[in-house]
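If you read the sequences in order, they're chains U and E. Quick note: the first sequence uses the working numbering, first residue 1, plus one each step. Quick note: the second sequence uses the working numbering, first residue 1, plus one each step.
Hints listed in this document are in silico derivations from the structure and should not be mistaken for laboratory results. All values reported here derive from a predicted model rather than from experimental measurement. Backbone N, C-alpha and C define an ideal beta-carbon position, used for all residues, glycine too. Do not take every clue at face value.
Some chain U residues near chain E, calculated using beta-carbon distances under 8 Å [as the list claims (entries may be wrong)]:
no., residue
1, D2
2, P19
3, A50
4, M68
5, D336
6, I339
7, R356
8, R359
9, P360
10, Q363
Computed list of chain U residues with no C-beta within reach of chain E, every gap over 12 Å [to be verified]:
no., residue
11, D28
12, D69
13, V109
14, A307
15, L326
16, I362
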Amino acid sequence: MDCRETQTLLPAFHDGELPAADRVRVEDHLRGCPECGALLADLERADQAAGVPDPGPAYWDRFNARVMDRVGREADGPGVTVLRPKGGWMRQQLRYLVPAAAVAALVVVVVRYGGMHPGVPVPGVPPAVSEPAAPVPVEQRRTDSEPVSRAAKKAESTEVARRVPPPAVARERSADVARGERDRPAGLSLPAGNVEASRDRAVAPADSAPATVPDGTPPKTRSERKNAPGATAPTAEQQAAATGTSAAGMRIAKEAAPDGHGWPGAGTGKDAPGSAVPAGSPCEMARTLAGRERFREAEDAQRACLAGKLPEPAREKGLVFLAEMLDRQARFADADAVIAEVDRRFPQSRSLDLYRQQRPMIQKRPTAVPVTR
Amino acid sequence: MGADFEEEKDERLAALAAEGDRGAFDALVTRHRQAVYRLCWSATGNAADADDAAQETFVRVYRSLPSYDPARPFGPWLRKIAWNCGLSVRRDGTAGVPRIAEGDAPEAVDPAPGPEEAAAGNEERRWVAGAMAGLPAELRMVMVLRAVEGLSYAEIALAAGIPAGTVMSRLSRARSRLLAALGTRSGGGS
Numbered sequence: 001m002d003c004r005e006t007q008t009l010l011p012a013f014h015d016g017e018l019p020a021a022d023r024v025r026v027e028d029h030l031r032g033c034p035e036c037g038a039l040l041a042d043l044e045r046a047d048q049a050a051g052v053p054d055p056g057p058a059y060w061d062r063f064n065a066r067v068m069d070r071v072g073r074e075a076d077g078p079g080v081t082v083l084r085p086k087g088g089w090m091r092q093q094l095r096y097l098v099p100a101a102a103v104a105a106l107v108v109v110v111v112r113y114g115g116m117h118p119g120v121p122v123p124g125v126p127p128a129v130s131e132p133a134a135p136v137p138v139e140q141r142r143t144d145s146e147p148v149s150r151a152a153k154k155a156e157s158t159e160v161a162r163r164v165p166p167p168a169v170a171r172e173r174s175a176d177v178a179r180g181e182r183d184r185p186a187g188l189s190l191p192a193g194n195v196e197a198s199r200d201r202a203v204a205p206a207d208s209a210p211a212t213v214p215d216g217t218p219p220k221t222r223s224e225r226k227n228a229p230g231a232t233a234p235t236a237e238q239q240a241a242a243t244g245t246s247a248a249g250m251r252i253a254k255e256a257a258p259d260g261h262g263w264p265g266a267g268t269g270k271d272a273p274g275s276a277v278p279a280g281s282p283c284e285m286a287r288t289l290a291g292r293e294r295f296r297e298a299e300d301a302q303r304a305c306l307a308g309k310l311p312e313p314a315r316e317k318g319l320v321f322l323a324e325m326l327d328r329q330a331r332f333a334d335a336d337a338v339i340a341e342v343d344r345r346f347p348q349s350r351s352l353d354l355y356r357q358q359r360p361m362i363q364k365r366p367t368a369v370p371v372t373r
Numbered sequence: 001m002g003a004d005f006e007e008e009k010d011e012r013l014a015a016l017a018a019e020g021d022r023g024a025f026d027a028l029v030t031r032h033r034q035a036v037y038r039l040c041w042s043a044t045g046n047a048a049d050a051d052d053a054a055q056e057t058f059v060r061v062y063r064s065l066p067s068y069d070p071a072r073p074f075g076p077w078l079r080k081i082a083w084n085c086g087l088s089v090r091r092d093g094t095a096g097v098p099r100i101a102e103g104d105a106p107e108a109v110d111p112a113p114g115p116e117e118a119a120a121g122n123e124e125r126r127w128v129a130g131a132m133a134g135l136p137a138e139l140r141m142v143m144v145l146r147a148v149e150g151l152s153y154a155e156i157a158l159a160a161g162i163p164a165g166t167v168m169s170r171l172s173r174a175r176s177r178l179l180a181a182l183g184t185r186s187g188g189g190s
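Excised from the complex, chain U in its bound form:
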C-alpha cells in the first residue's frame, strides 16, 4: 500500500470503521512511514480540539430540577388543559391575519390608486388598511428576533391576547355574522353538514371558541360570491376570504362546498360527505383545514396532496407543512420523521430552516395561548 491509498483510508482507520483486512494493510504501511504517521496524529489532534466546554458541576446540579420544574408545570398545572389546546387560537389568528392584512392592503392600494388614477401619487396607506396591520410588529417581534427571555415572551403573548381580536378581525367577524343573518331565509334549518360542523366546533378547545362560534349560518360560498350579480373588483375582505387566510376567510371556507365537490378524504368521517369539506384540490384543502384548526384532517389532505405529482419545490414545502400539521397535533416524533425526510431529500432546505426557527413556538403552545375567561 502506498502513501496515497493509506491517506485515503486514514480517517476511516482512525475512526475504527475500516474492515479488518484494510486495517492490517494500513498498519503495515504506518510502521514504515513517519509522514502518514504524522497525518494520523493530526487527526487525533483535531479530535482533541472537538471538545465542548462543560458548564461545570453547579450547572448540572440544577439541570434536572429545571427540567422537572418545566415538565411539572406542564403536567400538573391547573390551567394546562386550557393552555394547551391544539393550534392555539390567538396564534392562529395572528398567523393568518398578518398575510391577509398584507394582501388586503395591496389590493386596496392597487384598486384605489393603481389602475384608476395613473400618475396620482399614493397618499399613504388608508386607515382601513393600516389598522389590521397594527398587530404585525408584535407577532414579528415574537417570531423573528426573540431576544427576550421566556418569561418575557409569555408576558408578551398574554399582552397580545388581551389586545386581540384586533378591530379589523372583530369587524370582519361581525360583518360575516351580519351577512349570514341577512342571507339566511327565515326558518331555514341548517344542512346536515353544518350541524356536524357545529358539533365539531362545540368540542373544540376552549380558547378556540371565539374563532369558531357557530352562528349556524352559512354565508355565501366563495363561488357564489364570485358569481354574484354586481360583483366587481374584489374587496380586501373578499381577497382574504378567497385565500382562506383571515378569520373571516376561514369561516367562509368552512361553510363552502355544500354541493359535494370537496375532496372526499378530507372529512375523515367527521363531517357528512361533501358538506363541511371545502372544495378544491387536497393541497388547497389542507391549507383550509389547517386554518380551521382541524389539523388531523389537514394532515390527511396534505398526505393526499403529497401522494400526487408535484414539482420538487412544492413537495419540499408540502412536506414541511405536513410536519407542522403533525407538530400541531403534538405528534412530534412523527413530525421529526417528516423533517428527517425533508433533510434527506432536500438538503439545505430553506423552508425547513424557517420552520425549524418557528418550531419551538409552534410546539410550545402553553406559553403562547392565553387563558380564556
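Assemble the complex: chain U is given as a structure, and chain E must be docked to it using the hints.
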C-alpha cells in the same frame, strides 16, 4: 430508587416515564443530559443557546414519550430531538452561524483547577472552543458525535439524517478546518 433505575435500559425507563414515573424520567435526564447539551452546543455554538436547547429537548421528550415506541432505540430518537431543538432555539434566526465573539461559551467552564493552571486551562479551552465554534453547525455536529460521543458513521448518519458518505466528507472537512485553526498541518484523508 435511583439505583434501581441505573440498571434499567433507556427504552424501559422511557416506557416507565411515559406511564408517569417521574423518577424514571429524571434518571433518563441524568443519563443523557451531557450528551444532549453537547449536541445542542454543536448546533448553536454557544452555551446560552445550548442550555435553552438542552432544556427544551427534555421537555419535548417528556411531551413526546406517549408516542415513543420502546421497541426502537432511545438514543437516536433523543439525538434527533436534541439536534432539532438546537437548530430551532437560535433566537437570532442564524442557526449555524457561530457566535463566539462574546466569549460566552468558555466562561462557564468548570473552574475547579488551581489558580494558574485554571487560567492556562481556561485559556486553552477558550481557544479550543473558539476553533470549534468557528465551524458551521453541521460540521460541529459530526465532530461532536464522532470525537466526543464516539458514535459510528452509521449512527451519526442516522442522527443527522444524512448518508454515511456525507458523514465522512463532513468529518474530513471539519478536521481540516480545525487543524487549520489550530495552526498545524492540514489533516489527511480525501
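What are the numbers of the hints that this structure violates, sorted from low to high? 1, 2, 12, 15 and 16
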